[in-house]
Every structure is written in structure tokens, then in C-alpha cells.
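Colleague: The lines below spell out each chain.
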Amino acid sequence: GDSVTQMEGPVTLSEEAFLTINCTYTATGYPSLFWYVQYPGEGLQLLLKATKADDKGSNKGFEATYRKETTSFHLEKGSVQVSDSAVYFCAHYLQGAQKLVFGQGTRLTINP
Amino acid sequence: NAGVTQTPKFQVLKTGQSMTLQCAQDMNHEYMSWYRQDPGMGLRLIHYSVGAGITDQGEVPNGYNVSRSTTEDFPLRLLSAAPSQTSVYFCASSGQFTEAFFGQGTRLTVV
Numbered sequence: 036g037d038s039v040t041q042m043e044g045p046v047t048l049s050e051e052a053f054l055t056i057n058c059t060y061t062a063t064g065y066p067s068l069f070w071y072v073q074y075p076g077e078g079l080q081l082l083l084k085a086t087k088a089d090d091k092g093s094n095k096g097f098e099a100t101y102r103k104e105t106t107s108f109h110l111e112k113g114s115v116q117v118s119d120s121a122v123y124f125c126a127h128y129l130q131g132a133q134k135l136v137f138g139q140g141t142r143l144t145i146n147p
Numbered sequence: 043n044a045g046v047t048q049t050p051k052f053q054v055l056k057t058g059q060s061m062t063l064q065c066a067q068d069m070n071h072e073y074m075s076w077y078r079q080d081p082g083m084g085l086r087l088i089h090y091s092v093g094a095g096i097t098d099q100g101e102v103p104n105g106y107n108v109s110r111s112t113t114e115d116f117p118l119r120l121l122s123a124a125p126s127q128t129s130v131y132f133c134a135s136s137g138q139f140t141e142a143f144f145g146q147g148t149r150l151t152v153v
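So the protein lines, in turn, are chains R and H. Okay, so the first sequence: first residue is 36 according to the numbering used here, each after it adds one. Okay, so the second sequence: first residue is 43 according to the numbering used here, each after it adds one.
Heads up, a few of these hints could be off.
Derived lysine-lysine pairs resembling BS3-like cross-links, with alpha carbons at most 30 Å apart [what the hints assert, rightly or not]:
no.	chain 1	residue 1	chain 2	residue 2
1	H	K51	R	K84
2	R	K91	R	K103
3	R	K112	R	K95
4	R	K112	R	K87
5	R	K87	R	K103
6	R	K95	H	K51
The hints are simulated quantities; they were obtained by calculation from the structure and are not laboratory data.
Bound-form chain R, shown alone:
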């Protein structure tokens, strides 16, 4: 069935380190792919998205590229900040199914 698998957390890094959070998916058809971020005590916010193969989504220094051949959408940032500490969710959306499928979330903590 349709699913999203994320790199298990928690992940702890020092400020200015390079970040990668892996995400792979299984889906029937060609889904849109998303990264959502959840800051403490808040709801989910869209971080970036990609709607077709080879698209690159980017926002706030984060990037992810839709790789159809490896069914992946890994999140990267070149230099993380303390303010990036949050839980990150990878998700896919199939237009016909009208619903988001989420990964289990990865908790990221950045130490100064």
C-alpha cells in the first residue's frame, strides 16, 4: 500500500552542521511530495513541496529533490540553526485519493 518511510530520530546536531533527513515513499501513481515542519506546541506548516519528478522544492535554506527512480525526497540544509529545532514530516499526496500519507516524523534538535 501507499506509505512514507523517514529516517528515524531523534537527530541532534551542532549549529552550522549539514543536515540530511531521508525520506522514501511507495505509491500507486505519481504523488506530490511534501515536507512539513512542526515547531513545539504548534500545528504543522508546509516547509516545501515538489509536484513532479526532478522538481526541487526549497524554502528557508532547506531543499529536497523529487527522485522518481529512487522514490525518495530527502531533506537537506547546508548550515542548520538553533531555530530549526522541530519535528519534520515527509508526506505524499495522491490527487485521486485526496489524502496525505505521512511518515512517522523526525525530531531534530540543534545545539548552539
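Since the structure of chain R is already known, use the hints to place chain H on it.
Modeller: Relative to chain R, chain H alone:
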């Protein structure tokens, strides 16, 4: 723009009590959904709606009811609360070609 508004933010229920979690959106979105968030399990879809008068079950619908009488509102009803329903609940809405927008969540504890 208010976006998606959920009430209440926190609730404690006794086992067997019933309650309704409210969700309203002001973006004229067709699609609305309810998710529950549990540690280590991400978000799981409870029920969703593709328009007023149309609802369908998600991954974990048991113990919950929904209705969609208007485009704006999508309440979630717990018929007889159980400790297993202790969770954080999120409502989301989306248009046909937009991403999902989420409410701030309702933290529910069933004792």
C-alpha cells in the same frame, strides 16, 4: 486570515464521556481531514471529506464520527471516549491544487 481554527486546545475527558472537537476553515477549501498524532507514529488519518455532505473513513476511524453540513465546518465526535483515544488531534483543509493547511491541534487526555 484565520486559516484553520480548532477548538478546544486542551481537553480532559473521563472514560465513556462524549465530546465534539470543532474545526472551521475560512479558505473555501473543498477538502477537510482529521488526523491523530501519536508518538513514533506520525499522523494517521481518521476521517476526511471531499465536500459538503460527503465524508469517508481514513486509516483509524473506529470510535469517531464526522459530518460535513457546510464547506467551512468539519466537527469530529468521540462517541464514548477511551484511554486509547488520548492523542493530539489535527484538522486540515486543502483546495484542489493547494497544499494542506493545519490547525493548531487539540490535545486530548482520556482518564
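Colleague: State for each hint whether it applies.
Modeller: How the hints compare with the structure:
1. Distance hint between H:K51 and R:K84 is fulfilled; the C-alpha atoms sit about 28 Å from each other, no more than 30 Å.
2. A distance of roughly 12 Å separates the Cα atoms of R:K91 and R:K103; the hinted pair therefore holds under the 30 Å criterion.
3. For the suggested pair R:K112 and R:K95, the alpha carbons sit about 9 Å apart, so the restraint of at most 30 Å is met.
4. Only pairs whose Cα atoms come within 30 Å are accepted, and R:K112 paired with R:K87 is accepted, the gap being roughly 21 Å.
5. Straight-line distance between C-alpha atoms of R:K87 and R:K103 comes to about 8 Å, which keeps the hinted pair within the 30 Å bound.
6. This hinted pair checks out: R:K95 and H:K51 have alpha carbons roughly 28 Å apart, not beyond 30 Å.
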